[in-house]
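Student: Sequence:
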Amino acid sequence: MHHWPKPSNIPSRTSNPPPAMSALSLSLPLPSRPFPLSQPLRRNPTRCCSTRTRRSLTGLATFGAGLVALTAMGAQCCPSAAAEVRVLEALEGSVSVGEPSNALSLPTWAVHVSSVAEWVIAMALVWQYGDRSGCEAWKGLSWGMVPLLGGAMCACTWHFFYNSESLEVLVAIQAALTVIGNATMCIAAFRIYQSNSRSGAP
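Mind the numbering: the sequence shown is residues 0 to 201 in numbering that gives the first Met the number 0, read in order.
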């Protein structure tokens, strides 16, 4: 077997690097500490917040100054409007309201009147039911509702006269009629129960 001669100008793997390459590697010094590319640049949050705060305060101050300037210009350009405002304020202070402060409002009066009207209608319906059913005990329930109607009338009368101190007796009468009405309605309900028990009605 023939062996080809090994060329002498081809360097082997174990041979030393060329002089030019070794000189280049020596002329470029490597940094001792790598550059921290993974760490982003940090800002000063205190400085940023203070800048934003200063901008907000400046904007608010400018807005307030503009409102004051517009108000002053309106008062100077329209003196008649300012005079009208002063006249209205004077009239508001001088004109007195015809009703005292403890007077009931219109919605409150509507509730009072509608409640009394509903109570009267309920009394009439209970009386009619007693006539048609033939159970006279239901009419007794209608009579038992009368004292409560009287208490409601006492309350409406006292409010109609603006809760006058001379009519405070109506408050006591209302309380007494309320107690009596509750008792009479309980008695009437018990009489209806006894009537239904005797007749066997459910």
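Hints listed in this document are in silico derivations from the structure and should not be mistaken for laboratory results. By construction, the Cβ of each residue, glycine as well, lies at the ideal position given by its N, Cα and C atoms. Check before you lean on any hint, since a few could be wrong.
What the hints assert, rightly or not - Restraint ranges, calculated between C-beta atoms of paired labels, are given here:
#1 ARG131 / CYS185: 20 to 30 Å
#2 SER100 / PHE189: 42 to 52 Å
#3 TRP108 / GLN193: 39 to 49 Å
#4 SER165 / HIS111: 14 to 24 Å
#5 ASN162 / SER198: 18 to 28 Å
#6 LEU166 / ARG197: 11 to 21 Å
#7 ASP130 / ARG197: 44 to 54 Å
#8 VAL119 / GLU167: 20 to 30 Å
#9 SER196 / VAL110: 35 to 45 Å
#10 TRP108 / VAL170: 44 to 54 Å
#11 PHE160 / GLN193: 40 to 50 Å
Student: Which numbered hints are broken by the structure, listed smallest first?
Tutor: Per hint list: 5, 6, 7, 10 violated.
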